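> Protein chains in written order, with numbering that gives the first Met the number 0: chain A, 0 to 175; chain B, 0 to 309; chain C, 0 to 424.
Quick caveat, the hints were computed from the structure, so don't treat them as lab data.
Quick caveat, the model's predicted, so the values are computed rather than measured.
Quick reminder that beta carbons are idealized off the backbone N, C-alpha and C, glycines included.
Don't take each hint at face value.
Cut-off 30 Å, straight-line C-alpha distance, at most; resulting in silico cross-link-like pairs (DSS-like, lysine-lysine) [stated by the list, open to error]:
| no. | chain 1 | residue 1 | chain 2 | residue 2 |
| --- | --- | --- | --- | --- |
| 1 | C | Lys203 | B | Lys15 |
| 2 | C | Lys395 | B | Lys100 |
| 3 | B | Lys120 | C | Lys395 |
| 4 | B | Lys157 | C | Lys203 |
| 5 | B | Lys38 | A | Lys96 |
| 6 | C | Lys314 | B | Lys120 |
| 7 | A | Lys85 | B | Lys15 |
| 8 | B | Lys120 | C | Lys203 |
If you want the footprint, here are the derived chain A segments under chain B, 3+ residues with CB under 8 Å [what the hints assert, rightly or not]:
| no. | stretch |
| --- | --- |
| 9 | 14-21 |
| 10 | 83-92 |
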Amino acid sequence: MSQDTVILDQAGIARALTRIAHEILEKNKGTADLVLVGIRSGGDHLARLLRDRIAGIEGVEIPLGTVDITMYRDDISSRGTLPVGKTEILFALDNKKIILVDEVIFTGRTIRAALDALIDIGRPDCIQLAVLIDRGHRELPIRPDFVGRNVPTARDEDICVFFDHAQPIEVRLVKS
Amino acid sequence: MSFRHKHIIALRDLSKDDIEQLLNTAESMRDINSREIKKVPTLRGKTIINLFYESSTRTRTSFEIAGKRLSADTVNIASSSSSATKGETLADTALNLLAMKPDIIVMRHAVSGSHYFLAEKVNCSIINAGDGTHEHPSQGLLDMLTIKDKFGRLDGLKVAIVGDITHSRVARSNIQGLTKLGSSIFLAGPPTMIPPGVERLGNVTVCATMKEAIQDADVVMMLRIQQERQGKTLMPNAREYSRYFGLNSQNLQYAKPDAMVMHPGPINRGVEMSSYVVDGNQSHILKQVENGVAVRMAMLYHVCGGTAVE
Amino acid sequence: MNLLIKNGRIIDPTQNLDQTCDLLIENGTIKEIGKNLVASAGVQSIDASGCYVTPGLIDMHVHLRDPGLEYKEDIVSGTKSAVAGGFTSLCCMPNTKPAIDNKAVASYIINKAKAEGFCNVFPVGAITQGSKGEALAEMGELKESGCVAVSDDGHPVKSSELMRRALQYANGIGIPLITHAEDLDLVGAGTMNEGFTSTELGLKGIPRVAEDIATSRDVLLAEYTGAPIHIAHVSTLGSVEIIRAAKARGVKVTCETAPHYFTLTDDAVRGYNTNAKMNPPLREAADVAAIKAGLKDGTIDCIATDHAPHHLDEKDVEFDVAMNGIVGLETSLPLSLKLVSDGVLTLAQLVEKMSSNPSKILSLERGILTVGAVADVTVIDPAMEWVVDADKLASKSKNSPFIGWKMQGAARCVIVAGKVVDSRS
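Start from the sequences, fold in the hints, and give me the full structure.
Structural data, given as C-alpha cells:
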C-alpha cells in the first residue's frame, strides 16, 4: 500500500463530475431524450451523481438506469462465473441518447459488453461514454466522450475508485 | 464468491450459499426473459446436449429454451431416437456423445444416481433433469424461486408436501433445498407412499393426516399421482386417494389465508387437486413454469463457470 | 513330499487343541503333532513362528461360474482365488449354465477341479430342475455323483409345498439342504436395503422382512418335517433371532453369514457404488451388531463368502442395472480375523466357523488336525499387513467393495492333501 498514489481526492472527483455534467449538457444541447446508464458496480453510483448535478443545472431529472454486464463478458471459460447482478433500466431506450457511465476505462472490453447489453434492450439514437478515469491500454476501438482525468499507467498497475456508501471518496493508483 | 460445482446432480450436494446464488442469478435471468430480445451471448459457442431417456416435454423444452437464451447450441436426443433401444449402454452412449465435444449434458434417466455414473465417464458438465426417484434439482430450485417471489424469503416458512413421497424426485429435491434455506417441511400421504427415515433428511415432519400437514402452511405443494407408477398396491384407486389426499377449496382453508398452492405438473385435475384450486387465485402453478426457464439458465450458466474454476 | 510345520500355534477346536508345537505331514496325511519334531531327510520344513496353524479353511458358499459363465470365473481361477485367500476347500453353487442339476455337470466340475484346480471343490446340486422351482432335481444321483448339498441359491424355492417336499426328500437321501431365504414379492424391484439410505438415494428398497419371512417359513418347514436345514447368507437382525429361537427349541437348523454382513452397512452404497450391491443387500448398524452377536453366541455356525464374481461390464453400469454380488474369497480371512482382534470371537470359534462347522454340516471329513486325517492345513500370519489391489486378485473378477482397504492377516501357506498350493512370505 505504500506504493499507492492518490490521483483524485473527494473534492477532485466532485469537480470532475461537475465538469462532465456541463460537457454532457453542452454537447447534447440540453436534456432532451437524454438518459444515464451506469455500469454495475461503481459506474451506477457515478451516474446517479451526474443525474443530480444535471438536475441542479437544468432543473430536469433525467432517467437513470443500471446495466450489469456479467452475462456479456467474454471470459466465462477462463475465469469462471461471477454472481450475476441486475440490469435495471425501467424506461425504453429506443431513440434515446444514452450516456453510459463507468469509473475507469482500460482495455475497453467492459464497455464492449455494456454496448452489447444496451443494444439487446433497445435501439437508442446514440450512446456516449463518460468515465472518471481513462488509464489507456485499449484493446478495442472504443474511446470515451467525457473523461474526468487521463492517467498514464503501466499495464500491471491498477486504478481503484474507493466508495463509501455509494459516495466516491478517492481514486488511487495501485502498484503491484 | 464463485459457484464451484462442475455438475448439478442433486441439491443434497449443494450448500445454502450455492443455492442462494443460483436463485439470485435466476432472478437476473428472469429479466432477460421479459425483454424484447430474450437472448444474451453468455454461452455463445457452447454446446448443450439434452439427453432424455424419459419423455418430458415440459422440462426438456424449458432446458432447451434456457440454453438458447444464453446463445448456446442445444441438441435434443430423446429416448425414442436414442441408442438406448438398440442395447447401447449409457457409458457407450456417453462416450459417443463426448466425441461431439459437448460442454454440458442435461440428462433425464429412469435410474437413480445414473448422473454420478455419467459424470465419471465424461469430462463435460452434467445437469440432472430428473433421475429415477432420486432428485430433480431444477424443479426444486424453480419451486424455491416461486416461493421466494411471494414471501421474499424461504426461512421460517411452513411448507406442506402431499402425495407419493417415496417415488417423488421433486419431493426429495424440495426437501433438500428448502430445509437448507430454513423452511420446515410437513409431509402427508398414504403410509404406503412415505419412505422410511424421511424425517432424517432435514427439518421434516411426517403427518398422520392431510389436515395436520396443511394446517397454517405458507405453501401447499401437491405431487402428481401416477396410477401407472403407484399400481394397485399403494392405494385402492384415484377416487379414494382424492378423498383423503386431494386438495380442494375446503381443506385449503386450513392453510394460511395467503398460502400458495403449487404442483410440479402435469396435473391430474380432480385427483390430487380440484380444478377450483388449480385455477384459483392461490395457485402459482403457471408461475412455476415461468420460473423454470430462468432457473435452468442460472444452472447452465453456473456449471460453465464451474468448469473453468475446477 | 513330506512337510514339517515348525513352531506354529496349532488350533483345532474339535479336539480342544491350542498349543505352539510342530506338525508333521507324510504322504498327504497328518503323521504327528508334537514338540521339537525333527525333520528327517527329504522333509521340507516350514517355519510357522508367530503363525496360526489351522485345519484348511472351507468356504461353503462360492459361485465358480463354471460351466457356462467362464468370462466371470472358472474352476482354475476360482480355486486359485480360494487358495490365495487361505481356503483348502470350497463348495460351488449350482447356478451355472447349465445348472448343476444332473450327474454330468457335477462330474464335469469334480473332474476338472481334480485335474486343474488348486483346492478341493465340492459341488452343491440344485434342489429343483434348472433351479426353476418347479420340480425336484435328481438329488439321489447328485449325491452319488459327489454333491455335498442341494440348494437353489440365487433364487428362493418360492412354493412352500415344494420346499416342504424337498426337505423331506433330501432328508431321506441324507443330503443337506441349503436355502436362499427371500420373499420375492417383498423384494420386488428393490436394489438395496430399505431404510434411510435408500430414501435419501432414491433407490428402491428391499425390506428386511423379505428375508425374515422366508427364514421363518423355512425354519418352520424344517421343524415340521424334522429335516435339517442350512440358511445361507443371513443378513438381518430378525433372521438371527428367528434362528436363535429355533435352535433353542431343537430345530435342526444351521446357518452362515458373509464377511460383508458383519463389516459393512448400507452406507457403503452411497455414491451408487455397484460393488456394494448384493443380495441380500447390506443392512444397517443394528443388523451388523446382531450378526456379530449371533456369531459370538453360536447362532451363526459358519462364515462363508458368497463369492460372486461378475465382469466389469456387469458392474460398471447404472446402479439398478448392475448385477448382485461381490468377490470374497481373498478378503474373507482378514475381515474375519478382525472379529478376533475386536474380541467378538475367540480364535477357536473363528476356526470352527471357517473350517470345522462347514465340514461337519456337509460331512466333508475335513476341518480336523488329528493324526491320520487328510493334511489340509492353512498357516495364517495374523500380523501380515497388505492392501487389497484389484490387479493382484487371483479371481478373474474384481468386483469387491474392499479394493484399496488396508487388511491385516493373510494365509502364509496353504496345504491341500499334503501339498503346498500357495505360499507367500
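> Please go over all the hints and tell whether each is borne out by the structure.
Checked hints:
Distance restraint check for Lys203/C and Lys15/B: the Cα-Cα separation of roughly 28 Å lies within the 30 Å cut-off, and the hinted pair is therefore satisfied. With a C-alpha separation of about 35 Å, the suggested pair Lys395/C and Lys100/B falls outside the 30 Å cut-off, and the hint is violated. Between Lys120/B and Lys395/C, the direct Cα distance comes to roughly 23 Å. Compliance with the 30 Å bound is thereby established for this hinted pair. A hinted pair counts as satisfied when its Cα atoms are at most 30 Å apart, and Lys157/B with Lys203/C qualifies at roughly 29 Å.
Simply put, Lys38/B and Lys96/A have alpha-carbon atoms about 23 Å apart, close enough for the 30 Å limit, and the pair holds. This hinted pair checks out: Lys314/C and Lys120/B have alpha carbons roughly 14 Å apart, not beyond 30 Å. With a C-alpha separation of about 21 Å, the suggested pairing of Lys85/A with Lys15/B holds against the 30 Å cut-off. Taking the CA atoms of Lys120/B and Lys203/C, the gap is near 24 Å; set against the 30 Å cutoff, the hint holds.
Here's how the stretch 14-21 of chain A fares: 0 of its residues keep a CB closer than 8 Å to some CB of chain B, so the rule of at least three is not met and the hint is violated. Residue count for the stretch 83-92 of chain A with a Cβ under 8 Å from a Cβ of chain B: 4. That meets the three needed, and the coverage hint holds.
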